[in-house]
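*Asks:* Produce the complete structure using the sequences and hints provided.
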Amino acid sequence: MNQKKSVRVLIAKPGLDGHDRGAKVIALGLRDEGIEVIYTGLRQTPEKIVQAAEQEDVDAIGLSCLSGGHKYLFPRVVELLREKDMGNVLVIGGGIIPDEDIPYLKERGVSEIMGPGTFVKDIADYIRKNVKRT
Amino acid sequence: MEVSSRVLAGDVRVIARLMTDLENKMPAAIKELDNLYPHTGKAHIVGITGAPGVGKSTLVNAIITAMRQKGLTIGVLAVDPTSPFTGGAVLGDRVRMQGHSTDQGVFIRSLATRGGTGGLSRAALGMIHVLDAMGKDIIIVETVGIGQAEIEITKISDTSILVLVPGMGDTVQLMKAGIMEAADIFVINKANQDGAENLKMELEAMTGAKNNPPIVLTEAILNQGTEELTEDILNHKQVLASSGELEKRRRQRARHELITAVESSISNLIETRMEKDLERLTDDLIQGKTSPNVAAGELLALSLTQIK
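Protein chains in written order, with my numbering: chain A, 1 to 134; chain B, 1001 to 1308.
Keep in mind the hints are simulated off the structure, nothing from the lab. Be a bit skeptical, because a hint or two may be false.
[Unchecked claim] Below, simulated DSS-like cross-link-like pairs (lysine-lysine); rule was C-alpha separation at most 25 Å, straight line:
{"no.": "1", "chain 1": "A", "residue 1": "71", "chain 2": "A", "residue 2": "48"}
{"no.": "2", "chain 1": "B", "residue 1": "1025", "chain 2": "B", "residue 2": "1276"}
{"no.": "3", "chain 1": "B", "residue 1": "1042", "chain 2": "B", "residue 2": "1248"}
{"no.": "4", "chain 1": "B", "residue 1": "1025", "chain 2": "A", "residue 2": "129"}
{"no.": "5", "chain 1": "A", "residue 1": "5", "chain 2": "B", "residue 2": "1025"}
{"no.": "6", "chain 1": "A", "residue 1": "48", "chain 2": "A", "residue 2": "106"}
{"no.": "7", "chain 1": "A", "residue 1": "48", "chain 2": "B", "residue 2": "1237"}
{"no.": "8", "chain 1": "A", "residue 1": "106", "chain 2": "A", "residue 2": "84"}
{"no.": "9", "chain 1": "B", "residue 1": "1031", "chain 2": "A", "residue 2": "5"}
{"no.": "10", "chain 1": "A", "residue 1": "129", "chain 2": "A", "residue 2": "24"}
{"no.": "11", "chain 1": "B", "residue 1": "1031", "chain 2": "B", "residue 2": "1042"}
{"no.": "12", "chain 1": "A", "residue 1": "84", "chain 2": "A", "residue 2": "71"}
{"no.": "13", "chain 1": "A", "residue 1": "121", "chain 2": "A", "residue 2": "5"}
{"no.": "14", "chain 1": "A", "residue 1": "106", "chain 2": "A", "residue 2": "129"}
{"no.": "15", "chain 1": "A", "residue 1": "132", "chain 2": "B", "residue 2": "1025"}
Note that the structure is predicted; figures quoted are calculated from it, not measured.
*Replies:* Quick look at the structure:
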């Protein structure tokens, strides 16, 4: 078995979404790409997500939001990460994110938004390429 | 030493990073364990195993709640299988325990088996020591496993729990060797389903004694039976301590850890610094010029000359 360092990614659903089929598809897809995925389930607060990310020492967090709370929730996760000196953790997002909101999110520390239609392999490659270990 | 003192002080970030480094077999991390080892031995280590889907994680979540109410601090290692095809994993135990995510008294870490056999990953024991050194009263290790071959956990824990559900086979199934022989507590989860009482009777007939080991009926999602289970877990440590069994098990654990460390050292040495000899002997083996045991003996003898 390959003993190379594994990439660990947290997939989280902040806010009040009721559907997580998409997040689960991503989780399985990333597993198929050789990544260790920690799935934290529905209705997470940014605080819970960041606390989990800290204990799990993840390389990246994938946030999924379908119900429109992304402009608050995603930057809030970034903010909490920075407060904990975890600014090197890659934050990417997906779900239903209007194109016009993407620059706003990127300005606030979200590295990339990869919505429906993105190939899972591209997500995995992006993560592996952009992960920073201090 | 800096890392060790941060671990002893309970610095979550440093602890999490150390665990990652242990998983990735960084030599510096393994050395830190040497510094931390004298500070271990206080925690009560509880292993929980059982087939996928029986409700282990949901039970662990309920146990954490009950123990926190008693003021105990908890560390959890939740193990899930690494895909043998891709090397990836979905670590989905934590999802059942997220209610405790912001409680500073609870540290939950998910790990993939990464090729480890026996239901645990090779790094697990080191990570248990870290949780122990950081001061957690109880360490719960939730493993992968159907409880037949995967009994690694029984060599490591003070209290081993096997979780069953009704309807998973008959008496002959129960008679098969494995953790059935080594469990300290049996849990029949989803006890509202048909067959729970029958299963309890079968288990009692098998173990030959009423309530020894304890058999607890639970319905984890409804939080039924989980208080009783928690009491049994805490009582078990008392029983072990007063009977001298705790000493015996700790000794077995230490011995097991020593042997595992030696095996790991040697195979690591051979794989990283003796490639030429390994290749040469593999060729000889394929050509029928030697046998596995003889070749292994030669590698072992050569490896001893390499150890400083």
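*Asks:* Going back to the hint list, which numbers does this structure go against?
*Replies:* 7
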